[in-house]
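J.: Sequence:
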Amino acid sequence: MTIRHDSIDRSSFAPGVLLAVRDIAKRPGLTIGIEPLLEL
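The opening residue of the sequence shown carries number 32 in my numbering; numbering runs sequentially from there.
In case anyone wonders, no lab produced these hints; they're calculated from the structure.
None of the values given here were measured: they were computed from a predicted structure.
Do not take every clue at face value.
Said to hold, decoys possible - Here are the computed distance ranges between Cβ atoms for each label pair: (1) S43 x P67: 15 to 23 angstroms; (2) L68 x S38: 14 to 22 angstroms; (3) R41 x I63: 18 to 26 angstroms; (4) H36 x I63: 15 to 23 angstroms; (5) R35 x A56: 30 to 38 angstroms.
Note that CB positions come from ideal geometry on N, CA and C, so glycine has one too.
Using the sequences plus the hints, can you model the full thing?
T.: Structure below.
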């Protein structure tokens, strides 16, 4: 099985980037991926 997603516009990444930038001050150390920010 293959799941594929192609994005041709950078605006699709904007919500995740803004979330990470706003939350970075609250998180000491290294955070890998966006899942911890989304509390998944």
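J.: All the hints need checking, so say for each whether the structure fits it.
T.: Verification of the hints:
For the pair S43 and P67, the beta carbons lie near 21 angstroms from each other, so the given range of 15 to 23 angstroms is met. Taken as a hint, the range 14 to 22 angstroms holds for the pair L68 and S38, whose Cβ atoms sit roughly 19 angstroms apart. About 22 angstroms separates the C-beta atoms of R41 and I63, a value consistent with the hinted range of 18 to 26 angstroms. Roughly 20 angstroms separates the CB atoms of H36 and I63, a value that falls within the hinted 15 to 23 angstroms.
At roughly 35 angstroms, the beta carbons of R35 and A56 sit within the given window of 30 to 38 angstroms.
Of the numbered hints given earlier, the model fails none.
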